[in-house]
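Q: Residues per chain are reported as follows:
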Amino acid sequence: MTAQTLFEKIWNSHVVRTLEGGPEVLYIDQHYIHEVTSPQAFEGLRTRGISVLRPHKTLATADHNIPTTDQHLPIRDLLSRNQVNTLEENCKQYGIEYYGINNPKNGIVHVIGPELGYTLPGMTIVCGDSHTSTHGAFGTIAFGIGTSEVEMVLATQCILQSKPKTLRIKVNGRIGKGVTAKDIILYIISRISAGGATGYFVEYAGSAITALGMEERMTICNMSIEMGARGGLIAPDHTTYAYLNKISSLSNRPDFKSMLLRWRNLKTDEGAVFDKELEFYASDIRPMITYGTNPGMGMGIDESIPDGDNSSSFMKSLDYMGFKPGMKLLGHPVDYVFVGSCTNGRIEDLRAFAAMVKGRKKAPGVTALIVPGSKKVEQQANNEGLTSILRDAGFELRQPGCSSCLAMNEDKVPAGKYAVATSNRNFEGRQGPGARTLLASPLTAAAAAVTGRITDPRELLND
Amino acid sequence: MQKNKFDILESGCVPLPVENVDTDQIIPARFLTATSRQGFGENLFRDWRFDKEGNRYESFVLNNPSFSGQVLVAGKNFGCGSSREHAVWAISDYGFRAVVSSFFADIFKNNALNNGLLPVVVPESYLSDLLELVRKVPGTQVRIDLENQNLRVLPDGEPVSFDINPYKKECLMKGLDDIDYLLSIKDMIAAYEFRNTLRR
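Keeping their order, the protein sequence lines are chains A and B.
Just so we're on the same page, this note's numbering is the position in the first sequence counted from 1, plus 2.
Letter 157 of the second sequence, counting from 1, is numbered 145 in this note's numbering, and no numbers are missing.
It is worth saying that the hints were derived from the structure and are not from the lab.
Some clues are possibly wrong.
Derived BS3-like pairs: lysine-lysine, alpha-carbon spacing no greater than 25 Å straight-line [as the list claims (entries may be wrong)]:
1. B:Lys124 x A:Lys318
2. A:Lys330 x A:Lys278
3. A:Lys419 x B:Lys157
4. A:Lys167 x B:Lys157
5. A:Lys11 x B:Lys174
6. B:Lys(-9) x B:Lys124
7. A:Lys259 x A:Lys59
8. A:Lys278 x A:Lys172
A few chain A positions that, by computed beta-carbon distances, are all more than 10 Å from chain B [what the hints assert, rightly or not]:
9. Trp13
10. Val27
11. Gly102
12. Asn105
13. Leu118
14. Ser132
15. Gly175
16. Ile249
17. Pro256
18. Val275
19. Leu332
20. Asp394
21. Gln401
22. Ala409
23. Phe429
24. Gly454
Backbone N, C-alpha and C fix where the C-beta goes; we use that ideal spot for every residue, glycine too.
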């Protein structure tokens, strides 16, 4: 048998049928849904007079539009409230498990899927959300889909997809102090550009990747979409198994041992051929920050904005940000800091942020939104004393949700204001009309939060 | 379900010479709270079309009466970012039937094809020539021939060919969608599930 990549192994084992010259019918093992991209899909089922084929293979949560304070009260925004209620009713009608607001299992879809043990190696996973690529950290083929495709999965547990090309990205060596998984992925995207991996599915490999924990791997895979990739995965290993072993609902299953055995085969064979390969060196990676309006416009925090690209798209982007070519960003005032999202809203992110702000104070003039990715993360932050560390430093931990990452709720950054955000997109208006977003790691966000300026987190590292 | 069929489109063009147009620009997140597919065209490119008070930015191309038509011509990596199908619904609802670019984000392309909006991929050099021509000569008409997979500037431009998956082409030409097809192979899906349960 010819050597196969991990991607090919999982993909091929899920093909129900190949259409001549066209896409393949791909079976989906796990489907996640949320309130924003599902209502029209359920409406489609009703119009066609059909039902959900495998309700237990879909899991629902409310995360995108919900408020992150006073979650015990009804949602004030009537359209958002209606959307969440619609999801709840749809789940009830079709027998789908739903973790709504105030449910102890509620949270951002890409945070709860892994932490509750739904995401497992070797699976195909889809969700009407582009950051579904997050789940690739467990060695899955996971990608975002549109609402028509959500309807397909609900109706048939399958979608039609053309097989993407394969791209292996190796990062070798060891990252320096103050450099995080977020910096690795922002660095890769800055090298590849926001559209550079379009048409590809990425496998991340190399010693700097395998040294990462599961939450860090999720941060890497999460942003695969930001370079245009269909998704990104990392082969499961002892780090993956140790993470899954801690989820008791999983490790108590009688078939857990046989699952572990089966997962051992989930790796790229020696000699397997990728359509494209790239290699980067961890020692080249510094704490990163973005200066423009797509995630590919990133640089080392102590570097200058590139000078020499006079294209109208580049200049439009800098204009929006209020920056000029050649400018340095270190020392630039910051108005908002957002820590959260499916990229960096997990417990390790809150730990990193708390460790840096501990014994310091939030800078006057900075508005901070610190938002846990799930109820479990919130609970853990309380248990570990992170919440009180934050409070002592002048920060407040909010309630879970997507929050200011896409600002569908009230967590908006006002026009013209600068926000250092641990989320995934710095698009125009992403955090509110006119808001200016600079993407960075939780450490860089912490450094900005206590100094009120863009600051190299390495200068503030506690030994 | 029967959708609009696509065969030949002759129309004026709207030029949008911006690269990496993300779906947050096409339809900002704050307009995603609807539970139906209708009405998104009103807020297409909302923050590029209107200021906070709802006044039009006269310089934005959709507010320029010299440009009209059912074909949007845009810079590379069109539709990147969020998977929201609302972006396609907004473009279609506004009245566009095709978008021309040198490449599209994968999810956007699938969403477009699933809604009868044709993504036309042309070489980068052709795209920059077309953008320049359309901007200089508003009212320039193009002809998009799906069956023969080519696009040309009317009346006498050289046709440029474009690729499309044969299955998707047939769906567009006949107005069919993927769910109809998937429902028709339900037995095959059940057989896959049966094999899979035995194996695992």
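Q: Decide, hint by hint, whether the structure agrees.
A: Here is what the structure says about each hint:
| no. | hint | result |
| --- | --- | --- |
| 1 | B:Lys124 x A:Lys318 | 21 Å, holds |
| 2 | A:Lys330 x A:Lys278 | 34 Å, violated |
| 3 | A:Lys419 x B:Lys157 | 46 Å, violated |
| 4 | A:Lys167 x B:Lys157 | 21 Å, holds |
| 5 | A:Lys11 x B:Lys174 | 24 Å, holds |
| 6 | B:Lys(-9) x B:Lys124 | 35 Å, violated |
| 7 | A:Lys259 x A:Lys59 | 22 Å, holds |
| 8 | A:Lys278 x A:Lys172 | 11 Å, holds |
| 9 | Trp13 | 14 Å, holds |
| 10 | Val27 | 7 Å, violated |
| 11 | Gly102 | 16 Å, holds |
| 12 | Asn105 | 21 Å, holds |
| 13 | Leu118 | 20 Å, holds |
| 14 | Ser132 | 4 Å, violated |
| 15 | Gly175 | 30 Å, holds |
| 16 | Ile249 | 19 Å, holds |
| 17 | Pro256 | 14 Å, holds |
| 18 | Val275 | 22 Å, holds |
| 19 | Leu332 | 26 Å, holds |
| 20 | Asp394 | 34 Å, holds |
| 21 | Gln401 | 19 Å, holds |
| 22 | Ala409 | 6 Å, violated |
| 23 | Phe429 | 4 Å, violated |
| 24 | Gly454 | 26 Å, holds |
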